[in-house]
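A.B. asks: Here is what each chain is made of, one letter per residue.
There are 2 protein chains.
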Amino acid sequence: MTIEIIPVPINKEIENDDKLADLILKAAPKIQDNDIFVVSQKIISKNEGRIVFLDTVIPSLLAVGIASEYQKDSRVVEAILSETKRIIRMKNGIIIVETKNGLVCANAGVDESNVVNGFATLLPKNPDESAEKLRNEISNKTGKKVAVLISDTFGRAFRMGQTDAAIGVSGINPLLDYRGKKDTFGKELKVTNIALADELCAAAELAKGKTLKHPVVIIRNYKFDESKGTAKSLIRPDDEDLFK
Amino acid sequence: MTIEIIPVPINKEIENDDKLADLILKAAPKIQDNDIFVVSQKIISKNEGRIVFLDTVIPSLLAVGIASEYQKDSRVVEAILSETKRIIRMKNGIIIVETKNGLVCANAGVDESNVVNGFATLLPKNPDESAEKLRNEISNKTGKKVAVLISDTFGRAFRMGQTDAAIGVSGINPLLDYRGKKDTFGKELKVTNIALADELCAAAELAKGKTLKHPVVIIRNYKFDESKGTAKSLIRPDDEDLFK
Numbered sequence: 003m004t005i006e007i008i009p010v011p012i013n014k015e016i017e018n019d020d021k022l023a024d025l026i027l028k029a030a031p032k033i034q035d036n037d038i039f040v041v042s043q044k045i046i047s048k049n050e051g052r053i054v055f056l057d058t059v060i061p062s063l064l065a066v067g068i069a070s071e072y073q074k075d076s077r078v079v080e081a082i083l084s085e086t087k088r089i090i091r092m093k094n095g096i097i098i099v100e101t102k103n104g105l106v107c108a109n110a111g112v113d114e115s116n117v118v119n120g121f122a123t124l125l126p127k128n129p130d131e132s133a134e135k136l137r138n139e140i141s142n143k144t145g146k147k148v149a150v151l152i153s154d155t156f157g158r159a160f161r162m163g164q165t166d167a168a169i170g171v172s173g174i175n176p177l178l179d180y181r182g183k184k185d186t187f188g189k190e191l192k193v194t195n196i197a198l199a200d201e202l203c204a205a206a207e208l209a210k211g212k213t214l215k216h217p218v219v220i221i222r223n224y225k226f227d228e229s230k231g232t233a234k235s236l237i238r239p240d241d242e243d244l245f246k
Numbered sequence: 003m004t005i006e007i008i009p010v011p012i013n014k015e016i017e018n019d020d021k022l023a024d025l026i027l028k029a030a031p032k033i034q035d036n037d038i039f040v041v042s043q044k045i046i047s048k049n050e051g052r053i054v055f056l057d058t059v060i061p062s063l064l065a066v067g068i069a070s071e072y073q074k075d076s077r078v079v080e081a082i083l084s085e086t087k088r089i090i091r092m093k094n095g096i097i098i099v100e101t102k103n104g105l106v107c108a109n110a111g112v113d114e115s116n117v118v119n120g121f122a123t124l125l126p127k128n129p130d131e132s133a134e135k136l137r138n139e140i141s142n143k144t145g146k147k148v149a150v151l152i153s154d155t156f157g158r159a160f161r162m163g164q165t166d167a168a169i170g171v172s173g174i175n176p177l178l179d180y181r182g183k184k185d186t187f188g189k190e191l192k193v194t195n196i197a198l199a200d201e202l203c204a205a206a207e208l209a210k211g212k213t214l215k216h217p218v219v220i221i222r223n224y225k226f227d228e229s230k231g232t233a234k235s236l237i238r239p240d241d242e243d244l245f246k
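Residue numbers (our numbering), protein chains in the order written: chain A, 3 to 246; chain B, 3 to 246.
Take these hints with a grain of salt, some might be off.
According to the in silico footprint, chain B covers these stretches of chain A (three or more CB under 8 Å from chain B) [claimed, not checked]:
1. 47-53
2. 111-121
Here are the simulated lysine-lysine pairs, DSSO-like style, with alpha carbons at most 27 Å apart [claimed, not checked]:
3. LYS192/A with LYS21/B
4. LYS14/B with LYS192/A
5. LYS87/B with LYS93/A
Just so you know, the hints here were simulated from the structure itself, not pulled from any lab data. Cβ coordinates follow ideal geometry from the N, Cα and C atoms, glycine included.
Taking the hints into account, I'd like the entire structure generated from these sequences.
C.D. replies: Set out below in structure tokens:
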């Protein structure tokens, strides 16, 4: 069956305490069971007030030092450090950290794009909870069983460019584990464990664009396992990671 | 506009010198301009005879050593080494290499899944050329302007599970560069450069599955830049990579 990637245009700048589920449902086509909502981190952050006015940030000495080394705004660096559990790599002006939620990404997800000048957005405090809350609201309002993913745009080791990945998950198992299943020749698959939620976010990004106003995308006709799972299970534990 | 991910079922085991374009077109819906064909590496490799009968492989001493350390088949390790430019990490039984084509991946893409017992597939010798050849054939047979991506399934640093990524590209710019463009607030985007070809391959994987016979997927209604580009431009150069 053809899988559909349906953009949901939202022509309103999302603000703190906007009724996000209502805005999404107003803009979306008629919801069906098993629709997967992929929602950009940016609008979740704005809706949750996870946004800083840079003029109010007082940079630490460390932030001032890093900023001067890399010609960055020390207030932005301070915002990054305040979201950071540990720095993984810092080189060529790039700051890769592990966030307090365990994500490895540039700038701890602190981002000045697509937000009013002088402000930066932070990642949601608990993106799995944000996804769960939105899913419950959409389910309650529509009576349909849906899944919600919160996506952000991350660079990768070894490869150029960025792809979207899931930082919040609700109502869908984010991994599709084939280990132990049989391939087309009846041989047991040994390693295949697809990062389904990341693939869904990457697919959704195709319909989002960065300069459009499509912060939400519905993926339809994709059969998924609704068993519990969170974005935490997409984070590779330290002892299994060869590159941290 | 809704983007479509259309699986193309091919119920024939692909062999050396099968007429792949004909088999794909026979199984596909009517082709339209701008259809993007995402083709699994596995069937390209089989079609190009990039398959080894393990009984004919004579393992080197190094291969025997690595294999005994990690309880692997020394003939498979030898096949991996023969595809390898350099070893990036070797730990916990995982062998991450840079292939002769510059890809960083586990086992140099050597894979015993979805192939007859006792054999392993190697990556195509030049996946960009493979993509170009298939694209020309499809274009010539249909009179339509199409793009072709060859995809493989890769693990990632920091994150669990695997996603599909592009190892061969023809007829589409694999990167979608927003740098210098304006965001929704008129601010210049500084870093966004989407790895479009990888996102397309990830989207296609959703319709492929590992245990199904959908080695080809068409992505339709996605507007793309057809300017020249190869999968090589998705490989991060050493001097820009923080994790090799």
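A.B. asks: Evaluate each hint against the coordinates.
C.D. replies: Here is what the structure says about each hint:
1. 47-53: Not satisfied, violated; 0 residues make the cut.
2. 111-121: The restraint on the region 111-121 of chain A holds, since 6 of its residues have a Cβ under 8 Å from chain B and three suffice.
3. LYS192/A with LYS21/B: 31 Å, violated
4. LYS14/B with LYS192/A: With a Cα-Cα distance of about 24 Å, the restraint between LYS14/B and LYS192/A holds, given a limit of 27 Å.
5. LYS87/B with LYS93/A: 25 Å, holds
When each numbered hint is compared with the structure, violations occur for hints 1 and 3.
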